[in-house]
Amino acid sequence: MKKIFRFPVAPAPRPRAFWLLLGFQLLGLVLLPINNAYGQTSQPDNTPLLDVDIGLFDPNVPKDAAKHRSAGIQPLVRQAESRYLPFVLLQTLNARGEWGVVRVRAMAGNQAPQNSPAGLAHNVTETEFSPLLITGVIEQSDGEYLRLTIRAVDSTNREWLNQQYSAMAVEENYEQTKQDPFQGLFNRIAADLQNVKATLSAAQIQAINEIAVLRYGARLSPATFTEYLTQDESGLLQLTRLPSKQDPMLQRVLKIRQYEYLFIDTENDQYQRLFTQMKNKYTLWRQYRREMAIYLRQEEAAAKDQKYPFQRGTLPSMKHVYGDYVWFRTQEQYINELSQGFNNEVLPTVLEVNDSLVTLSGDLDAKYEQWQSILQSLFELERGEIAN
Amino acid sequence: MNPTLVIPSNTTSKESATTGAALAIAVTHTMRIFRYITLTLMALLVSACGQNPTQPQPAQPIKRVDFSGHWELDYSLKDGVQERLENNFYRLRKEAERQGGASVRADGRLSVGTGGGRGLSARAETVLAMAQFVDEVSRIVVMSVDQTYNAIHIEREETFSLDCEYGEEKPQTFDNNFGQERCGWDGDELVFQLSLPEGLTLLHRFSLLSTGEHMKVTTTLYYDKAAEPFSLSRAYRRFEGVPNPYQCVQTLTKGKVCTKRSAPDEEDI
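If you read the sequences in order, they're chains A and B. Just so we're aligned: 242 in our numbering is position 242 of the first sequence, and the numbers increase by one with no gaps anywhere. Just so we're aligned: 264 in our numbering is position 264 of the second sequence, and the numbers increase by one with no gaps anywhere.
Derived from the structure by calculation, the hints contain no laboratory data. Errors might be hidden in some of the hints.
[As the list claims (entries may be wrong)] If you want the footprint, here are the derived chain A segments under chain B, 3+ residues with CB under 8 Å:
id : region
1  : 169 to 180
2  : 266 to 274
3  : 280 to 287
4  : 316 to 322
Here the structure is a predicted model, which means the values were calculated and not measured. Just so it is clear, CB atoms sit at the ideal spot from N, CA and C, and this is done for glycine as well.
Extracted from the complex, chain A is given alone in its bound form (with noise of 0.2 Å):
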């Protein structure tokens, strides 16, 4: 059970400190122990696992919306599998038990402090502060064909990938109900990543793990953490020297990280219950619009072939020629209508889950301008003792 800690209200010796601290209790900070400051738990052979954050995919949808037909993209089904196919990485990852915590998470939650100081404190800073964050594009999602660009980069600005993955699928993909039909796919991904990672020694990896927490600190104070950090040519972070273990602002930096941490997976629930209740359907979908996919690159094959069978100029070759545009017009509102009926289905859910994280994200955000401000503060006044 997680105990909630709460500091004692009473009279400071500096009222300062002690409004500071209060802000602390405000902030309801869940005190969760800290086992490890920087480490993950281990594996038998003794390699840190390494935690991975997958943030939501980009759905690729073309801002100006008369390019949607041409690209055959239905925008709201779009961003239902941005939120989805993360959700398969996820599991996928998590099955191969080669991984610390995976979590998958909106990447607009990664703010910076709104005045980073320039230079490497301004790299380490603007950028992501996840042990290992994975990032991924849609290019294309019709049922038969996927094709994701998936870059995964470390805390040390390591890139582990950076490529396109496609696969198709067939009908026997379809009934396979147990798994996605693209599951393929998503296992090449996490064998990828699993072969950088063994190129790794134990060492680098919990490098990973270190340099993420003081990247995560310089979020929340970068005067206090890029003394640690620095950047080589390439642009790789590396470690000067770790702050001690009982370092105050470390645990309270650490305090604020599980505090977020309870954020996330409480966002993470909220995938999963889409991801749930939209299984079956988006199958049902992705299984369609195969079968469509399929039906309509015949037909177009053999129309680009025919040679047409009326004298042109003719009524029936006008008939005919108009007659086949008509026909595919007509498949492609079926298609529409299928869209809409997913649409119809999980639309309410997407909705719901995207309410509850807007509610998140809005407290996340207010959460992290308090905490900005009261670790600067303590940081000035610990600064301050010393020079007293």
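Knowing the structure of chain A, use the given hints to seat chain B on it.
Only chain B this time, still in chain A's reference frame:
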């Protein structure tokens, strides 16, 4: 309706006899075909557009008009297919006169000279084919229009709907293997252009008449081998859709799911 196509002529050249006969056959043939076309001809007579759709036209400042609502074909207005055909044949006859002379036969039908007679005969058949085609594709009885500031969806009975996203005020283009669609505003008229294989281009031009209770849809067919396009307009009258006692929602897993609308709450009355 049995239209009689008689193209008047003042020319009496004997040389025109052969090709004139050919054109007369063509014209008679067209008449026969027209006997079998039951034209539910409820349209306005419109002027034939001589413009090529691919030629740049002076840009009209965009003035978005609201077409939203239900529209039904206005049967009270006369169809103009016959008049349109007569106009086309009149111009064809004039051309025949210029090329080889023409004469009026005893039965009142046209006889034209040999110069280009066969070509003219074929052209007459093309004009007729275009007329029949335009008549068929524009024979839409009911339309429902959903419109926002940026987009329009025109549901047409028994054929595909017309959709246009005109948010950026430039023509929207939609290519596929069967043709190319373009749509956008031309002044206060909404234009859908469909380019098809075999040299065909179909244009639908929607405009609202001043009262707002009538909508005019002009359908024009351009054919690259035809000297001029063929146009036909139809008028539509606004009507109130019949209230549907059921509220239906399309779903993926169960198809269309309908529920009975609840009766108006007495407290609201």
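Please flag the earlier hints that this structure goes against, numbers listed from lowest up. 1 and 2
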